[in-house]
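Chains Z, C and E are the protein sequences, given in the same order. Just so you know, this note's numbering puts 147 at position 124 of the first sequence, and the rest follows in order with no gaps. Just so you know, this note's numbering puts 208 at position 84 of the second sequence, and the rest follows in order with no gaps. Just so you know, this note's numbering puts 20 at position 12 of the third sequence, and the rest follows in order with no gaps.
Keep in mind the hints are simulated off the structure, nothing from the lab. One should not assume that every hint holds.
[To be verified] In silico DSSO-like cross-links for lysine-lysine, where the CA-CA straight-line distance does not exceed 30 Å:
{"no.": "1", "chain 1": "C", "residue 1": "165", "chain 2": "E", "residue 2": "14"}
{"no.": "2", "chain 1": "Z", "residue 1": "194", "chain 2": "Z", "residue 2": "249"}
{"no.": "3", "chain 1": "E", "residue 1": "45", "chain 2": "Z", "residue 2": "43"}
{"no.": "4", "chain 1": "C", "residue 1": "142", "chain 2": "E", "residue 2": "17"}
{"no.": "5", "chain 1": "Z", "residue 1": "43", "chain 2": "E", "residue 2": "141"}
{"no.": "6", "chain 1": "C", "residue 1": "142", "chain 2": "C", "residue 2": "165"}
{"no.": "7", "chain 1": "Z", "residue 1": "249", "chain 2": "Z", "residue 2": "288"}
{"no.": "8", "chain 1": "C", "residue 1": "160", "chain 2": "C", "residue 2": "142"}
{"no.": "9", "chain 1": "Z", "residue 1": "277", "chain 2": "C", "residue 2": "165"}
{"no.": "10", "chain 1": "Z", "residue 1": "245", "chain 2": "Z", "residue 2": "43"}
{"no.": "11", "chain 1": "Z", "residue 1": "277", "chain 2": "Z", "residue 2": "349"}
{"no.": "12", "chain 1": "Z", "residue 1": "245", "chain 2": "Z", "residue 2": "194"}
{"no.": "13", "chain 1": "Z", "residue 1": "60", "chain 2": "E", "residue 2": "51"}
{"no.": "14", "chain 1": "Z", "residue 1": "245", "chain 2": "Z", "residue 2": "288"}
{"no.": "15", "chain 1": "E", "residue 1": "46", "chain 2": "C", "residue 2": "142"}
{"no.": "16", "chain 1": "C", "residue 1": "263", "chain 2": "E", "residue 2": "141"}
{"no.": "17", "chain 1": "Z", "residue 1": "288", "chain 2": "Z", "residue 2": "349"}
{"no.": "18", "chain 1": "C", "residue 1": "263", "chain 2": "E", "residue 2": "14"}
{"no.": "19", "chain 1": "Z", "residue 1": "43", "chain 2": "E", "residue 2": "46"}
{"no.": "20", "chain 1": "Z", "residue 1": "43", "chain 2": "E", "residue 2": "51"}
{"no.": "21", "chain 1": "C", "residue 1": "160", "chain 2": "E", "residue 2": "17"}
Treat the numbers as computed from the prediction; the structure is a model and nothing was measured.
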Amino acid sequence: MRDVAIVSYAQTPYVASETKRNEVEMLMPVLSEAVDKSGIPRREIGFTCSGSTDYLAGQSFSFVAAVDAIGAWPPICESHVEMDGAWAFYEAWIKIQCGEADSALVFSFGRASMGDLPSVLTLQLDPYVLQPLHPDAISLAALQARALLDAGLGSEREWAEVAARCRRDAKDNPDALVKGDVDVEALLAEPNVVSPLREHTLPPVTDGAAAMVIAAGDVARKVCEKPVWVRGLDHRVDPHSPGLRDLTLAPSAKLAGEKAGAASKPLDLAELHTPFAPQEGILRRALALGDDVRINPSGGPLAANPMMVAGLARLGEAARQLWTGKGERALAHATQGPCLQQNLVCILEVA
Amino acid sequence: MSEPQPLSAGHVLEYTYKRSVGPVLGRFFTSLRDGKIEGVKTRAGRVLVPPMEHDPETGEATSDDWVEVGPGGTVTTWAWVAEPRDQHPLDRPFAFALVRLDGADTAMLHAVDAGSESAMRTGMRVRARFADAPTGGIKDLACFTPEDAE
Amino acid sequence: MSEEQKTVKAIDGPTRLEYRYSPGRASTRFLRGMEQKKILGQKCVGCGRVYVPPRGACARCGLPTEEEVEVQDTGTIVTFTIVRVPSQNIEIELPYCAASILLDGADIPFTALLRDVPVETVRLGMRVQGVWKPDAELGPSFDNIDHFTALDEPDVPFEKFQEHL
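The task is simple: from the sequences and hints, build the whole structure.
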């Protein structure tokens with residue numbers, strides 16, 4: 024295995040609705056910042072990979088238009104995944120492992136506010152027996168939340184405490200969208216959106232973009248004072264239909280965590296891609312995270328959940344924590360699909 | 125450059141897909157149209173409803189062994205939708221639920237027309253209600269209703 | 009009962025999504041300009057190329073196109089095609105010419121409808137001018153230029169526009 028490290032990261036401030044800039048205009052400053060901070064000249068970056076979905080803008084092949092933001096001339100080696108940017112990160116890491124590149128630019132973007140996100144997300148479901156019933160993302164997460172309540176593996180109070188902690192931690196994150204001190208009792212008094220989920224357990228619809236540069240060992244050491252090393256990386260998937268799974272568990276997250284070596288040494292923090300508050304408990308158990316591991320110090324997806332970006336942002340936010348001395352070993356997690364169907368786990372270390 | 129007022133415009137994306145369903149879902153939908161719910165057995169004997177071409181646990185092709193299940197079943201989890209969306213299966217408050225039909229080993233997602241949230245609980249018995257005018261698809265099972273309400 | 013009715017072989021899966029699309033800064037400025045019959049391009053801060061319509065970035069340099077440049081409604085045909093087959097949602101009388109036009113002052117051509125010219129006479133290097141809709145019908149739209157038509161000017165030699173295909 025080649026050593027690979029995150030050498031730079033940049034993201035937009037996350038907003039509820041980006042109406043002034045299109046995707047390319049949103050991306051350009053973020054890409055420039057990530058490339059400039061990396062210390063690797065743009066033309067020397069060996070591979071570029073992005074993650075996004077065209078359904079957010081309702082324009083087919085909008086990801087190709089986003090290439091305008093890179094300045095892909097003379098032609099570059101480039102790829103795209105119809106997945107969160109965390110999977111673009113995975114592809115870039117593989118590309119470096121294969122020796123086909125020594126550095127890579129990874130980015131993702133989304134303006135979910137232009138459409139109706141819960142409906143857009145139904146299009147990721149099986150089109151024969153699920154999609155015709157239009158089980159929106161919030162309803163599916165509510166099925167999972169109810170299963171947790173029934174199994175005694177969560178409570179509404181626990182979820183409200185998770186939401187309150189995330190918003191409190193987000194006060195230190197200039198890019199977060201939903202932040203501040205809130206009273207747990209006040210959160211519990213909110214009406215249900217889809218019972219048993221109340222507003223505070225849901226992710227905010229968020230627009231934004233993020234970019235990251237990663238590099239192989241020698242390059243990383245040369246350009247970066249404090250490379251954040253990828254010590255383990257794995258992703259796994261569970262069956263698609265929610266009726267085939269025990270929704271209180273995330274076997275694919277557990278397996279990915281084991282394969283990535285999460286438990287080999289103590290962790291200081293974990294950035295978990297938990298769009299819905301009840302999912303934090305599921306992931307804590309699947310990844311065997313103890314009370315001493317700080318969860319989502321950035322505020323996490325309950326503070327900002329840019330669709331297709333939030334997973335890559337977990338990697339970036341974890342790296343930022345390590346760069347600023349908030350720990351030495353972090354776990355970053357990303358998810359896709361309904362009810363934590365697919366999970367990626369990355370172990371990051373400085374030193 | 126000064127910043128002009130941002131423009132915006134409505135945009136509708138519409139596709140009229142016709143999807144071939146294959147032999148397994150084809151049989152399932154055909155039975156459903158005729159008011160019957162069928163599951164398929166995996167090689168290990170588990171009954172999948174809705175049926176699949178492959179066993180999700182092993183990836184092996186499922187068997188040719190079909191069994192009729194339901195029309196009664198048990199709710200394994202549910203979510204109360206107080207404000208249905210336009211595309212939801214019911215236009216009044218309802219529950220999305222996972223229902224394990226009698227004779228099945230997996231649960232299927234569908235709607236429960238229970239009237240109010242207080243009528244819902246995990247473990248409750250429900251019964252399939254079929255569409256009055258079937259068209260060949262999952263919506264030929266219109267929804268489930270609480271068994272004790274009948 | 010036909011075989012079709014006996015076995016379900018396919019299902020209809022209509023999909024409908026509604027959006028409120030916002031085009032971003034560069035396109036908004038361009039469309040606001042069109043409202044006043046002005047064609048506003050943008051120049052790359054790196055290579056100096058002028059994009060019409062602008063999208064906010066120079067696709068070659070990956071840099072913002074920050075300087076606004078007004079270009080003319082006259083230009084040159086750099087390539088074209090004659091459409092002879094009907095297609096859905098297009099109600100133009102056949103045959104018609106769709107031309108790639110490089111406006112004077114711009115570096116990137118775009119496609120537009122050419123009218124009032126016998127299609128047999130269309131050629132590369134031909135000079136053309138935009139025909140605007142009546143003032144009362146102007147809106148923030150590229151459609152303000154209803155079509156292009158031929159100008160009575162000498163053709164531009166290929167060498168002059170070969171970099172802009």
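Going through the hints against the structure:
1. 165/C <-> 14/E: holds (23 Å)
2. 194/Z <-> 249/Z: holds (25 Å)
3. 45/E <-> 43/Z: Between residue 45/E and residue 43/Z the Cα gap is close to 23 Å, so the pair holds against 30 Å.
4. 142/C <-> 17/E: holds (10 Å)
5. 43/Z <-> 141/E: holds (28 Å)
6. 142/C <-> 165/C: holds (28 Å)
7. 249/Z <-> 288/Z: Holds, because 20 Å separates the two Cα atoms, which is no more than 30 Å.
8. 160/C <-> 142/C: holds (24 Å)
9. 277/Z <-> 165/C: Distance ~28 Å between residue 277/Z and residue 165/C Cα, so the pair holds.
10. 245/Z <-> 43/Z: Not OK: residue 245/Z and residue 43/Z at ~38 Å, beyond 30 Å, violated.
11. 277/Z <-> 349/Z: It holds: about 25 Å lies between the C-alpha atoms, which stays within 30 Å.
12. 245/Z <-> 194/Z: Answer violated: residue 245/Z to residue 194/Z is near 34 Å, above 30 Å.
13. 60/Z <-> 51/E: At roughly 26 Å apart (the allowed maximum being 30 Å), residue 51/E and residue 60/Z satisfy the hint.
14. 245/Z <-> 288/Z: Satisfied, since the Cα-Cα distance of roughly 27 Å is no more than 30 Å.
15. 46/E <-> 142/C: Not satisfied, since the Cα-Cα distance of roughly 45 Å exceeds 30 Å.
16. 263/C <-> 141/E: Violated, at roughly 49 Å.
17. 288/Z <-> 349/Z: holds (17 Å)
18. 263/C <-> 14/E: holds (18 Å)
19. 43/Z <-> 46/E: Cα-Cα ~21 Å, so holds.
20. 43/Z <-> 51/E: Holds, at about 19 Å.
21. 160/C <-> 17/E: holds (17 Å)
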